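Asks: The chain contents come next:
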Amino acid sequence: MPGIDECLLEAMKLPGARGAAVVDWTSGLALGTAGESQSGDHEATAAETAELARIAAEYQSFAPADGSDWSDDDTPVEDLIVSSRDSYHVLQFVRTTFDSSVFLYLWLGRTEGNLALARIRLREMARQLVLG
Amino acid sequence: MLHRLAAEKATGSLMRERGTLYLSDGQVIHAESPDTPGLDVLLTAGGALSPEQWGEALTEAGPQQLVGRFLVDRGHFPEGALELCHLGALYDAAFFVLGRGGGPARFRYGVAHWMGAVRPVPVDAVQRETSRRREMLNEIWPEDDTDTQPLVQTGLGLDTGLPRRQRAVAELVDGVRTAADISRALGRPAFHTLVDVRRLAAAGIVTAARRPPRAANAPTRLPETSAAPDVSLLRRIKNALEAL
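For the protein sequence lines, the chains are A and B, in the order given. Be aware that the first sequence starts at 1, since it is given in our numbering, and climbs by one per residue. Be aware that the second sequence starts at 1, since it is given in our numbering, and climbs by one per residue.
Just chain A, with the same shape it has in the complex:
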């Protein structure tokens, strides 16, 4: 059964992966990191991505029509994608059986990265991380 480090190593195997992290979006804490971060500081990147995740998770504009209930099997917001000139940043929310606010973060180089594959794999990893 994978722990945080195995999950991050798995994410780093994706084509174009430059950095990955498991982050708590309420506090901005990096619970685990791998590879590099765009700012050169994983902790700063975690705090910044957490702010983005919090807005997506909390603002009503992004909630599905059936409401933003986080106790369902699926999180109301699944993932976030930021595309920049040279990168993709993918944030995948993680649903846990205890109260938490966690997401997986992956930084991909835009030329080598495969966004569709990354989204599918991150979703699987988010499940494996908490369900084994």
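Because the hints were derived from the structure by calculation, they are not lab data. None of the values given here were measured: they were computed from a predicted structure. Think of the CB as a built atom: it goes at the ideal place given N, C-alpha and C, for glycine as much as any other residue. Hints may contain errors.
Partial list, derived from the structure: chain B residues whose beta carbon lies under 7 Å from chain A [claimed, not checked]:
id, residue
1, Asp40
2, Leu42
3, Cys85
4, Gly187
Please build the complex by placing chain B on the supplied structure of chain A, with the hints as guidance.
Replies: Showing chain B alone in chain A's frame:
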């Protein structure tokens, strides 16, 4: 003191007024504070683990300090989930243990914790995170009386646009419960509740029920001259203007 203990790769427990940090080989492996829900509350509140399963793990593996390992090996918990929950609880309690005014620290060599090491964290990371969290709270709302005092709703009403997690906190504000009580009731890390309570305070929805009494003979303190703007004052003025 923590840096010295880290440098000498010490194992033992560091006790302060607001809780205890447990070190193994100079790294933090666990933390506990009366201000934060314990791992038992976090894991059982949402039904992730039954109280019986928790009790069994404590009895079977507690004496060998391997409760964490036991939960994973018995299939109660995947390793990843346990790491997420345990790390959250560790940083949560450490924030209170290492908080300002926590009094003198006492270190007892050789003391181990029944949980065992799940994912050890360097002392530096814990200290950095603790001060970052303190700054984060101050940026949301600069007054800290809502962190510890019983909380009361101001009567402004719970805005329908309130995020779900904040609403859950606001609904438990009854004039008696403190942020720590609400965290325990929700089975949620205490710092998460502090963040939501400060947001609710900034929005004028929740306030501390009892203002800390001011000492009658406290000397009047003149504000120090500073080039930086007084954020606290500016926010209070902004809120007062918006409330008009």
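Asks: Name the hints, by number, that the structure is in violation of.
Replies: Of the numbered hints given earlier, the structure breaks just one, which is hint 1.
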